[in-house]
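**Q** These protein sequence lines map, in sequence, to chains S and W. Numbering follows my numbering, in which position 155 of the first sequence is assigned residue number 155; successive positions increment by one, without gaps. Just add 183 to the spot in the second sequence (first one is 1) and you have my numbering.
Since the hints were derived computationally from the structure, they do not count as laboratory data. Treat the hints loosely; a few may be bogus.
[To be verified] Partial list, derived from the structure: chain W residues whose beta carbon lies under 7 Å from chain S:
1) K218
2) I219
3) R223
4) A233
5) P235
6) S242
7) K245
8) R247
9) L248
10) F250
11) T318
12) R320
[Unchecked claim] Ranges between beta-carbon positions, derived for each pair:
13) S:K63 with W:L380: 51 to 57 Å
14) W:P313 with S:R43: 24 to 30 Å
15) S:R43 with W:P350: 33 to 39 Å
16) S:G41 with W:K282: 43 to 49 Å
17) S:Y178 with W:I365: 45 to 51 Å
18) W:I365 with S:D97: 38 to 44 Å
For each residue, glycine too, the CB sits at the ideal point set by N, CA and C.
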Amino acid sequence: MFDKHRNSKPEPKVSQPQADNFTATASTPAASGRAALIGPGIRINGDISGDENLVIEGKVEGKIRLDLHQVEVGQTGCVNADITAKVIKIAGEVRGDINGTEKVIILRSGNVHGNIVAPRMTLEDGAIFKGSIDMDPGEEAKATVAAPVKKPVEKAVDKAVEKPKVVASGNPKENKSYSLNGG
Amino acid sequence: MNSLNTGTAGVGFTPAQPPLSRTQQTLLFPTLVKKINPDRRLSVLEIGPALPETIAFFSQYKCRLHFAAMYTDPVLKMQSEEYSEAELAEEITRSLDFKTGTRFDMCLFWDFLNYLDDKALRAFNKAIKPYLHKTTRAHAFTVRTLSTSFSNQQYGIEQAHMFSIRPRQGKQARTTPHTQAILVNLLSNFDIDQGMLLPDGRLEVLMTASL
Chain S
1 MFDKHRNSKP EPKVSQPQAD NFTATASTPA ASGRAALIGP GIRINGDISG
51 DENLVIEGKV EGKIRLDLHQ VEVGQTGCVN ADITAKVIKI AGEVRGDING
101 TEKVIILRSG NVHGNIVAPR MTLEDGAIFK GSIDMDPGEE AKATVAAPVK
151 KPVEKAVDKA VEKPKVVASG NPKENKSYSL NGG
Chain W
184 MNSLNTGTAG VGFTPAQPPL SRTQQTLLFP TLVKKINPDR RLSVLEIGPA
234 LPETIAFFSQ YKCRLHFAAM YTDPVLKMQS EEYSEAELAE EITRSLDFKT
284 GTRFDMCLFW DFLNYLDDKA LRAFNKAIKP YLHKTTRAHA FTVRTLSTSF
334 SNQQYGIEQA HMFSIRPRQG KQARTTPHTQ AILVNLLSNF DIDQGMLLPD
384 GRLEVLMTAS L
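Chain W extracted, bound-state conformation (with noise of 0.2 Å):
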């Protein structure tokens, strides 16, 4: 249970390489899957990597899945510069490179907003804004306490109630953990919905946009 097939992924894929990542129990996650409609177009903003097993998972539904890979993104190392907000949201629109019109129906954050201090995050909730709709519903990693620290890892998708969790190549970037009362001030266009504490501190939430 605490290893996954990895390898491949995709309708109909191949054999899978050996285990290279642990999971995690989720029981929010379900709840977001329960409310997608099989006969209409889902729209996904996964903020981190493309993995095997997520592209696996929503390969089951017809969708738009928009990998953004904000993990790697030059824009968590401006944050730490002499950039403004309005700049920073300027380089996140440019990079997260959205077709205008997308509208995303489920967006996965992982634990990406607390790699974004409290200006790269308001600059974060800016930019995405017009690709949200009233119902967007979204997925985070908070913190109950400011001590709690993030690993540098990178998450996927294994089944609806099961997160992948495989340590990220690469030095980690600096991290600023957001408790569950900052981040609903700093990420304005979401309201958590739901939250759960997990036993290494951190806090599972579900959100749904606040347009």
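This is chain S alone, in the form it adopts within the complex (with noise of 0.2 Å):
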């Protein structure tokens, strides 16, 4: 669908993406490979699939599946479309569940509302985000997770920080010794 190459037609945007068409937090996917940009004035309904990468400023209603490469959806791109890249960076606005098999990026400006399946999730501040999160970190981060919970230390608490104090406490059911998750 995005043999762009061979079209012997002028497309009005399907060239290697520039730094300024992303935000600057966004390094461009031709640092890996080449790259297909969907353009601003670009309207897609369909299915899209393919051995690179792809950038989108444009809207793409469908599904995207670039399974061993990168899709960027930068500031002015809309997406309404699941996803599934190795990696997913987006600074515009997807409606959609999301699989990014090694990561997933929501840059400040990125507004999503799906469900997103990633062994690692990035999150910048000021991002909008609705839905569910699957993380699984690994077996390093699960021997961190068994280490004791630390407890407060009253002399290292800074004065703007609230201290709490018991005013009703003694629940049998905090007796149970029972893990949260099951198990």
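Reassemble the complex: the two chains are provided individually, in unrelated frames, and hints are given to aid placement.
**A** Following this line, the structure appears as structure tokens:
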């Protein structure tokens, strides 16, 4: 569908992405190979698959599947589609489920409504997200979790930190030895 | 200690932005964290918006983290209109948009329950019931006396014993603080296990599902 290089007709906006088309914090996918660009004036209804990175500055409805590559939704990008890719970077608007086999990044201008599955997830301050995130940190992080919970140290607490005092406690349920999530 | 690195969150995240929030110590939340079995998937409902520090905190667990973003939901405006409890419950269910079969191990209500009037809180109680199990635990802020007010702020988890508090953008919705006694009547799916009085009059509570 995005075999643009064979198309002899001039297309409105299919070219190597420029850094100015994306946010200052977003790196260009060109660094890891070629990338197709869906420009701000382009609207696509349908499924997208392929073998190169993709930058979306326009509107896309359907499904996007680039298993081995990176999808970037730029600030002007508006996607109403499920996205599957190795790395997914979002600075625009996305409505749909997102599966990043390596990483998902929502930049500060990003607005995402959907469910995310990714081993690594980054959300920048200011980004808007509604939905669920499935995370699995792997063995290394589990080892960290297994360590005892750090107790608050009175001396280390700054004046600005609100300190609670107990007013009620001691429900018998609290003494039950069960785990929150089974097992 | 009163500032946070809140720029970016995630496993292996990049250097942080300038601090934007203050922190609040919690003695109750660590008791929930201690109950997490790291070998099993944890299912968490965060009733507020997605914040970098909350994602960073839970990224150490194998978990599904659901951000409901209810503070900006239209249901907060609907409650003051002529909608029945059943209609509100239906709207809340639609807005929560949980997948069938979802059961939460931990619910983070923060002070959201105080933005619901009695009718809306009963509707919320009804809407959330199918997504609880008998050992679901919840964290919330309520009040000791009705004169306590809630600031327009949002919460995140910096560490097990430390919440982040950020000012919320936009106009604050009308609040309807509930005392502990009223809360347990309206939110009948939960019993309050423990409470901590905070210096500003809020009461931090841990609850367990009473299904």
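**Q** Are the hints correct? Go through all of them and say.
**A** Tested hints:
no., hint, result
1, K218, "4 Å, holds"
2, I219, "5 Å, holds"
3, R223, "5 Å, holds"
4, A233, "4 Å, holds"
5, P235, "5 Å, holds"
6, S242, "5 Å, holds"
7, K245, "5 Å, holds"
8, R247, "5 Å, holds"
9, L248, "5 Å, holds"
10, F250, "6 Å, holds"
11, T318, "6 Å, holds"
12, R320, "6 Å, holds"
13, S:K63 with W:L380: 51 to 57 Å, "52 Å, holds"
14, W:P313 with S:R43: 24 to 30 Å, "39 Å, violated"
15, S:R43 with W:P350: 33 to 39 Å, "38 Å, holds"
16, S:G41 with W:K282: 43 to 49 Å, "36 Å, violated"
17, S:Y178 with W:I365: 45 to 51 Å, "29 Å, violated"
18, W:I365 with S:D97: 38 to 44 Å, "39 Å, holds"
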